[in-house]
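**Q** Single-letter residue listing:
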Amino acid sequence: METLLEILQELHEDIDFETHERLVDDKVLDSFDIITLVTEINEEFDIAIPAEEIIPENFNSAKALYAMIERLSDY
Amino acid sequence: MQINILEYLENIVELFPNKIAFGDGDHTITFKEVYDQGRAIGTFLHNKGFYKEPIIIFMKKSPETIVAFQGTVYGGNYYVPIDEEMPEYRIKLILEKLNPKLIICDNTTEEIAQTFDFQGEIFLFEKIVKTQINEKALEKIRSQSIDTDPIYIVFTSGSTGIPKGVIANHRSVIDYIDNLTEILEVDQDTIFGNQTPLYLDASLKEIYSTLKLGATTYIIPKSLFSFPIKLVDFLNKYKINTICWVVTALTMISAFKVLDKSIPEYLHTIAFGSEVFPIKQFNLWRKALPNAKFINLYGPTETTGMCCFYRVNRDFQEEDVLPIGQPFKNTEILLLNDENKLCKKGEQGEICIRGTSLTLGYYKDFEKTREVFVQNPLNNAYPELIYRTGDIGKYNEWGELVFVSRKDHQVKHMGHRIELGEIDSHVNMLKGVNGAATLYNHEKGQIILFYAGDISKREVLEGLKKSLPRHMVPNKIKKLESIPLTSNGKIDRVYLKNII
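Residue numbers (the numbering used here), protein chains in the order written: chain V, 1 to 75; chain R, 1 to 500.
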């Protein structure tokens, strides 16, 4: 989770990612960020986020993102 | 001879009055509606006495924005689109430059418009579109219009920190659209999926090709460009067959391997512009859509949209570069070397453009205009302007033009043209900053800011978000003790490049 928060913080230093739960809905994360996030998460966690996981629900909070990473790391 | 862009709309409304012209996934409007609403707005502007004025269009990206553009021209004025995504400070700079008498907004932007530091009047699209059309007045305006009158101003990045307003006329747009529609083979069956913002000249492609040939354009909601599967679903739902997108929008789909699962099945024409298309990603697209036409477009805003094209006709390996090909009809490219002579075979030179496609220059900036819209150095007999792009190019073994690099610190990032110096000057304006240098990491496609001073990275970022458009905010910020200088006192970019 810490690594993930660092990646997010690097994108927007001014957002409290631990509590924010509407990152996509409130347009905190835009397409620039989603692309960067997917690339960096893939690298850092050695996973490959498949296209069908790149949906708003998975990107609305750090928690949701982390749950997705854990799910994908299980394989 | 066509002299006014409105003739596109007037011809097509005779043929396809009830066909859908523009839609956005929420609602649609027909050519007849564009025609009637456009004339209503033109009449409104006339009634108010606005003529030959820059008119700010500050509306949500929607079919109505395009109606407002047409209405502005019906009234004999020229439109200046701004957008709610633009930061307050940039809008302030644009308003200062133009000193406009009015803003047209809609229900969604009215509140923000009220907060602008602005002396003129604000009108609501939803209200003025109900104006009773005055045919006689519109005819009179038209009879006084000539084809070198301006249509729009779009703002592009300026290295001094102040955006430059490029002002284009009927003639340059007609020349562009006539040639572009031939290259893209647009007809009444074309269905465009628009990606580019309406405040850039990039959107001329869809708007005026649709009006010229009776095609249809769907504006794709911006949020879909974050979520590739939904994006492809949208393309299929509206049977979109032609797209002119920035490369990053295309690579987002291919890099996330969406094409393995879901194909935009109606797509047959894919144009992309003025950014390097990584061949690995490009080949994924070609493999997924082997029968589609792929067209690389190139051109600066200063010469109206695009001016060169390359229709992909051979295979490309990962180390290859897609050429920008050949000029549009009625445009000539002069590749000039340091001595202002034509380059010899294989020699690199500055890409200079000659043709009707030249815009009128930069609004209220004669000095900057004269720096780049210059007398053709190959012609010492009569006045003839060319535009110096600052792009370095060369011809490859097939005789196709290839983009090599920039003469200055301008970069292309996510489809936007950015002067890195503009970012520097905004950082330097922040209190507590002692020095700044912005670099671009071409491999990762990231803007990297180095700064020195007493404020935190977070404060720098917060400050920049208020003054710069989203696409110009640095992706990475690094704080240094001081900005390294070379022995002759310039910023040591080579050193900085090595510590990226």
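Read the hints as simulated data drawn from the structure, not as lab findings. Computed from a prediction, not measured in an experiment: that's the story for all the values here. Among the clues, some could well be false.
Claimed, not checked - Below are the SDA-like pairs computed for lysine to any residue, each with C-alpha atoms no more than 25 Å apart in a straight line:
{"#": "1", "chain 1": "R", "residue 1": "Lys476", "chain 2": "V", "residue 2": "Val28"}
{"#": "2", "chain 1": "R", "residue 1": "Lys465", "chain 2": "V", "residue 2": "Glu40"}
{"#": "3", "chain 1": "V", "residue 1": "Lys27", "chain 2": "R", "residue 2": "Gly23"}
{"#": "4", "chain 1": "R", "residue 1": "Lys476", "chain 2": "V", "residue 2": "Arg71"}
{"#": "5", "chain 1": "R", "residue 1": "Lys130", "chain 2": "R", "residue 2": "Lys261"}
{"#": "6", "chain 1": "R", "residue 1": "Lys237", "chain 2": "V", "residue 2": "Pro56"}
{"#": "7", "chain 1": "V", "residue 1": "Lys27", "chain 2": "R", "residue 2": "His46"}
{"#": "8", "chain 1": "R", "residue 1": "Lys222", "chain 2": "V", "residue 2": "Glu10"}
{"#": "9", "chain 1": "R", "residue 1": "Lys257", "chain 2": "V", "residue 2": "Ala48"}
{"#": "10", "chain 1": "R", "residue 1": "Lys444", "chain 2": "V", "residue 2": "Thr19"}
{"#": "11", "chain 1": "R", "residue 1": "Lys497", "chain 2": "V", "residue 2": "Glu40"}
{"#": "12", "chain 1": "R", "residue 1": "Lys457", "chain 2": "V", "residue 2": "Asp33"}
{"#": "13", "chain 1": "R", "residue 1": "Lys239", "chain 2": "V", "residue 2": "Ile55"}
{"#": "14", "chain 1": "V", "residue 1": "Lys63", "chain 2": "R", "residue 2": "Lys412"}
{"#": "15", "chain 1": "R", "residue 1": "Lys479", "chain 2": "V", "residue 2": "Pro56"}
{"#": "16", "chain 1": "R", "residue 1": "Lys466", "chain 2": "V", "residue 2": "Ala48"}
{"#": "17", "chain 1": "R", "residue 1": "Lys261", "chain 2": "V", "residue 2": "Pro56"}
{"#": "18", "chain 1": "R", "residue 1": "Lys476", "chain 2": "V", "residue 2": "Ile47"}
{"#": "19", "chain 1": "V", "residue 1": "Lys27", "chain 2": "R", "residue 2": "Leu224"}
{"#": "20", "chain 1": "R", "residue 1": "Lys479", "chain 2": "V", "residue 2": "Asp16"}
{"#": "21", "chain 1": "R", "residue 1": "Lys412", "chain 2": "V", "residue 2": "Asp33"}
**Q** Can you give the numbers of the hints that this structure goes against, from lowest to highest?
**A** 4, 5, 7, 10, 14, 15 and 16
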